[in-house]
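Asker: Fit chain V to the known structure of chain U by using the hints.
Protein chains: 2
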Amino acid sequence: MKTVGFIGLGVMGQGMVRNLRKAGFTVKGYNRTKEKGLVLEADGVEIVDTIQDVVTDVDVVISIVGYPQDVEQIYFEDGILDHAAPGTILIDMTTSSPALAERIAQEAAARDLQALDAPVTGGDLGAKNGTLAILVGGEEAPFVQAKPLFEAMGKSISLFGGPGKGQSAKLANQIAIAGSMIGTAEMLLFVTRSGIDPTQFIETIKSGSAGSWSLENLIPRVIAENYSPGFFVKHFIKDMRLALERGAEMGIATPGLALTKDLYEQLAELGHADSGTQALYLLLAERSRASVE
Amino acid sequence: MKTVGFIGLGVMGQGMVRNLRKAGFTVKGYNRTKEKGLVLEADGVEIVDTIQDVVTDVDVVISIVGYPQDVEQIYFEDGILDHAAPGTILIDMTTSSPALAERIAQEAAARDLQALDAPVTGGDLGAKNGTLAILVGGEEAPFVQAKPLFEAMGKSISLFGGPGKGQSAKLANQIAIAGSMIGTAEMLLFVTRSGIDPTQFIETIKSGSAGSWSLENLIPRVIAENYSPGFFVKHFIKDMRLALERGAEMGIATPGLALTKDLYEQLAELGHADSGTQALYLLLAERSRASVE
Chain U
1 MKTVGFIGLG VMGQGMVRNL RKAGFTVKGY NRTKEKGLVL EADGVEIVDT
51 IQDVVTDVDV VISIVGYPQD VEQIYFEDGI LDHAAPGTIL IDMTTSSPAL
101 AERIAQEAAA RDLQALDAPV TGGDLGAKNG TLAILVGGEE APFVQAKPLF
151 EAMGKSISLF GGPGKGQSAK LANQIAIAGS MIGTAEMLLF VTRSGIDPTQ
201 FIETIKSGSA GSWSLENLIP RVIAENYSPG FFVKHFIKDM RLALERGAEM
251 GIATPGLALT KDLYEQLAEL GHADSGTQAL YLLLAERSRA SVE
Chain V
1001 MKTVGFIGLG VMGQGMVRNL RKAGFTVKGY NRTKEKGLVL EADGVEIVDT
1051 IQDVVTDVDV VISIVGYPQD VEQIYFEDGI LDHAAPGTIL IDMTTSSPAL
1101 AERIAQEAAA RDLQALDAPV TGGDLGAKNG TLAILVGGEE APFVQAKPLF
1151 EAMGKSISLF GGPGKGQSAK LANQIAIAGS MIGTAEMLLF VTRSGIDPTQ
1201 FIETIKSGSA GSWSLENLIP RVIAENYSPG FFVKHFIKDM RLALERGAEM
1251 GIATPGLALT KDLYEQLAEL GHADSGTQAL YLLLAERSRA SVE
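In order, the protein sequences belong to chains U and V. Our numbering puts the first sequence at residues 1 to 293. Our numbering puts the second sequence at residues 1001 to 1293.
Same shape as in the complex, but just chain U (with noise of 0.2 angstroms):
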């Protein structure tokens, strides 16, 4: 496992990239739009053309692009599935479908490759830093001859079992989050609405059982009017159509989080896609004004 095919340069695929890069792996990288990518050949990879060369002659194959539509195209349209050699490990980094997860699982199985889902939570920062938690879904054996890749970019992994679980469990964190975000979004409104400090009283509160990282880390940023996305509205929405549409095959309730996905796309309506999540404060504001009026 020492040759990777990387599939998906972005902020978070570039971060990821340079610590393979730094624990010695040799990388090679393909970008749909590929001269986003070129900026990679100074920490030494190869940018190559199309999906059929960057899964050729290595190892390992990892993704992460936008979108479950996205893997869907890489893997059975470009054809990650039709050219990597057998015995390749094809790593889904995407967060992305626990459907989808098993549907190609299951078609790597049947052409002698292995495949694990392995989505991310950290953010920018974590890629960069190599500090992410991996949520990693597949058989034992491709997860431990992948785990020197795992550990190059990331700090907390874990293996949740058979395909699709590392997408459950990334989803799952995205559900703990939107309770956060409209928790703490509703709070900080009434907060400011009854003419109470925000700064003070979150400092008097933060360590008690309100506490949250949303509280510590991001309602800050809206208390100084900073909507700059550490994590972007679109994808948010994306990750919890995504685990409605999975708690719906489950047959399990989550109003708070069909709520809370309701809530974001009024946002994204409103022109607030590219904004970060704490941006869900302006829309209650909003609304709130409208109630006033």
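Honestly, the hints are just simulated from the structure, not real lab data. Treat the hints with care, as some may be off.
[To be verified] Heads up, incomplete: computed chain U residues facing chain V, CB under 10 angstroms, no partners named:
(1) S156
(2) I157
(3) A172
(4) G179
(5) M181
(6) L188
(7) L189
(8) G195
(9) D197
(10) S207
(11) G211
(12) S214
(13) T260
(14) L284
[Stated by the list, open to error] Selected chain U positions facing chain V (Cβ under 8 angstroms, derived; list incomplete):
(15) S158
(16) K165
(17) A169
(18) S180
(19) G183
(20) E186
(21) F201
(22) G208
(23) M250
(24) P255
(25) L259
Each residue gets a CB set at the ideal place from its N, CA and C atoms; glycine is no exception.
Answerer: Leaving out everything else, chain V in the frame of chain U:
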């Protein structure tokens, strides 16, 4: 500020009174059901029979009772306001209505009394260990005078502004908790129905952006099928209703809080009013069974 009349000797009150005694204050106590308070006689607390008795010959009156209607009863009907001597500081530490706190402060000022609203977070353990967060509203002068008492009972003490601001801060805290509860309960249901080990999952993600106090402290109790109350469902419903009421007065939108309150009311109807708030999981699991069948 040496002598305290303390009204409400339940689990919270007992812990707080013991810490006042340890710090050297003289305490006189009153409880509606007198017998429950008698245990404090061993700590040198005189237990008296009436509100009139407990507010007489003291510098400070502290109350922590059940519901806003109980606060109204002791202040306006049982006669805290009528019987306290001019100059007495009146501190209500019940989680109650900001509007009621404002009304009490106004009536107190008209009688040359000084009122503070000072609800707490940290639960019975915080009360016992003197580690409560105390969220205060009222004037600066009585706050400064009462500070040694607050320091005997709590760790994080903050004055947020005039009358009612302590109550508003506490309700805002509960709004953030509502979001955490719905998010983590739905997350856990998704995890378990996906066939993922929930303890392994929490260990992997808890320091990331899904992290929260609820995730680390309440979800492990659900995994252990422990629904005993740290914080009662019935009290959380009370707090959420107060927050919604105040939110409506201010004209603000809190759809997540409204949903979570509805779900907890349904949980109480299933017989869980006296369970801990982590029992929300049971309602969602129940609904999911129903939707599968």
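Asker: It remains to establish, for every hint, whether it holds in the given structure.
Answerer: Results of checking the hints against the structure:
no.	hint	result
1	S156	holds (5 angstroms)
2	I157	holds (8 angstroms)
3	A172	holds (4 angstroms)
4	G179	holds (1 angstroms)
5	M181	holds (7 angstroms)
6	L188	holds (8 angstroms)
7	L189	holds (5 angstroms)
8	G195	holds (6 angstroms)
9	D197	holds (7 angstroms)
10	S207	holds (8 angstroms)
11	G211	holds (4 angstroms)
12	S214	holds (7 angstroms)
13	T260	holds (7 angstroms)
14	L284	holds (5 angstroms)
15	S158	holds (4 angstroms)
16	K165	holds (6 angstroms)
17	A169	holds (6 angstroms)
18	S180	holds (6 angstroms)
19	G183	holds (1 angstroms)
20	E186	holds (4 angstroms)
21	F201	holds (6 angstroms)
22	G208	holds (5 angstroms)
23	M250	holds (5 angstroms)
24	P255	holds (6 angstroms)
25	L259	holds (6 angstroms)
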